[in-house]
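**Q** Residue numbers (my numbering), protein chains in the order written: chain X, 1 to 192; chain W, 1 to 276.
It should be emphasised that the hints constitute simulated quantities derived from the structure, not laboratory data.
C-beta: ideal position from N, C-alpha, C; glycine also.
It is possible that part of the hints are untrue.
[To be verified] Computed, partial: chain W to chain X, Cβ under 7 Å: (1) E44; (2) A59; (3) P61; (4) D63.
[Unchecked claim] Interface residues of chain W toward chain X, partial, derived using beta-carbon atoms under 8 Å: (5) L32; (6) L45; (7) L48; (8) V54; (9) A55; (10) E60; (11) R71; (12) L117.
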Amino acid sequence: MIGAAFRDILASAQADDEAAFTQLFRDVQPSLLRYLRLIAPDAEDVASDTWLQVVGGLRRFRGEEHEFRAWLFTIARHRAVDSGRSRARRPAVPLELTEAEQQFTSPDAADQALEAMSTQAVLALIASLPGDQAEIIMLRVVAGLEAREVARIVGKTPGAVRVAAHRGLRKLASVAARPDIERASTKPGVTQ
Amino acid sequence: MNGPDASHDEMPGFFPGRPGGEHDEPLLDMLLERRPIPPGAPRELHDLACVLAVAAGPAEPGDLAGEAAARAAFTRLPSPSGASHAAPRSARHRLTDWPARGRLPLAAALAVAATGLGSAAAAYAGALPSPIQHIAHEVIGAPPPQDAPGRSLVVGSSSAPVPSPQTTAPASHKTLRVTATPTSTRPGSWGWDSRNPRYSPGPTYASCRPAPSPSQNQARPTPTPTHMSPAPASASLSPSPHSVRPSVNRDLESPRPAISSWTPSPSGTSCPSVPG
């Protein structure tokens, strides 16, 4: 998150300052890509489409940083839905949860394993949750949106978003605390 | 859930469906808002906080993919003042960036406009075949064909207005002439109407007129390609070979008395200024 400087950066970007636009991009793009990788197989393409639309409407945007991010992630979700429609009935590739579990195991203590786990493994772990819970957790935690903004994006009530997020977090905690993961860490050759 | 699970004593109030399952909600809300949880919170919550921190962690090399494309899209965006910040790029380059479906209507419109301008210029230049020239004469007030000056060719409605010095041309004709020709080439100064025998061609356009053929009626000077052509700006757009410049030189070399009586037009026609 950019913080207090966001307003000035946005104003500069709206006045055609490429450096300011780059700042906006670099601030949002990592979380955008991580979110899109959860909901769209062609995340990079969807992100490109999203930025094209953002660039087109940047000058008309009025709002603070969280509103900007909410606007951008709303566009991203729409573009992902469009992309999904165009892919029609292409079968989705299921995530291999065991791979993710193996990736974030460590020969040392569990907390060290968690601290050292790769972003990829964590995202795969979140992706193992039910779809709506995973998406809501990504929007709340990774994108940094508030519950009401997430509710608008996913078409649920803020209360439903909160419940789904709590359920997802509990499942996530239970997966991370599974003893078989710790046992996997003792397998020879399994390193992070 | 596979395998043994954490006991309730280890994680009181954490897992759903167990007594006190709702007591962890404030802690979960803190995690969702990325606020630090109290040190006394269950260990699993700390682990979960670590997982979420990794998920929302700093950018990795692959996380900035597409930056060049986004910046390129940003620089292609035209600025509010109309000038793009990609100013050094030519308009032709920007045109090639347009999608093909956007270029096609534009090209068609340009082709139609060029054809129309060229046809109008050719009509005013009297360069069209006689029947078509007559049609142009009837429709847009172009000069009549030279080989059949008195013949009337009825095309479409016979009530089409025939421009004459006494009549007012249709609005479209008038607009074209006023904006695209020197003042001396307005319909009122044309000399091709036999009903006005006292009329004599104006000095300004006469200077751009080539010498008439011996058989041509001197009392009825027929507008020629030069003096009937639109203004120089329009002539430059016209693909017609009857442009102003080549004939002007010949006109200025013509020994006709009208040349010697030429006086500069206030409207600043380009014809006399071309060196002989």
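**Q** Work down the list of hints and note, for each, if the structure agrees.
**A** Okay, the hints, checked on the actual structure:
The restraint placing W:E44 at the interface with chain X holds, with a minimum CB-CB distance near 5 Å, inside the 7 Å limit. Checking W:A59 against chain X by beta carbon gives a least distance of about 4 Å; that is within 7 Å, so the hint holds. Hint status for W:P61 relative to chain X: violated, with the closest Cβ pair at about 10 Å, above 7 Å. With a least beta-carbon distance of about 4 Å to chain X, the hint placing W:D63 at the interface is held under the 7 Å criterion.
Evaluation of the W:L32 hint against chain X yields a held restraint, the C-beta minimum of about 5 Å falling below 8 Å. For W:L45, the interface hint holds, since its Cβ comes within 8 Å of a Cβ in chain X; the closest pair sits about 7 Å apart. Using the Cβ-Cβ criterion of 8 Å, the hint placing W:L48 at the interface with chain X is satisfied: the shortest such distance is roughly 4 Å. With a cut of 8 Å, the hint placing W:V54 at the interface with chain X holds, because the nearest CB-to-CB distance is about 4 Å.
Here the hint on W:A55 is kept, as its CB sits about 5 Å from the closest CB of chain X, short of 8 Å. Here the hint on W:E60 is kept, as its CB sits about 6 Å from the closest CB of chain X, short of 8 Å. For W:R71, the shortest C-beta to C-beta distance to chain X is roughly 6 Å, which falls under 8 Å, so the interface hint holds. For W:L117, the interface hint is violated, since its Cβ never comes within 8 Å of a Cβ in chain X; the closest pair sits about 35 Å apart.
Going down the numbered hints, you'll see the structure goes against 3 and 12, while the others check out.
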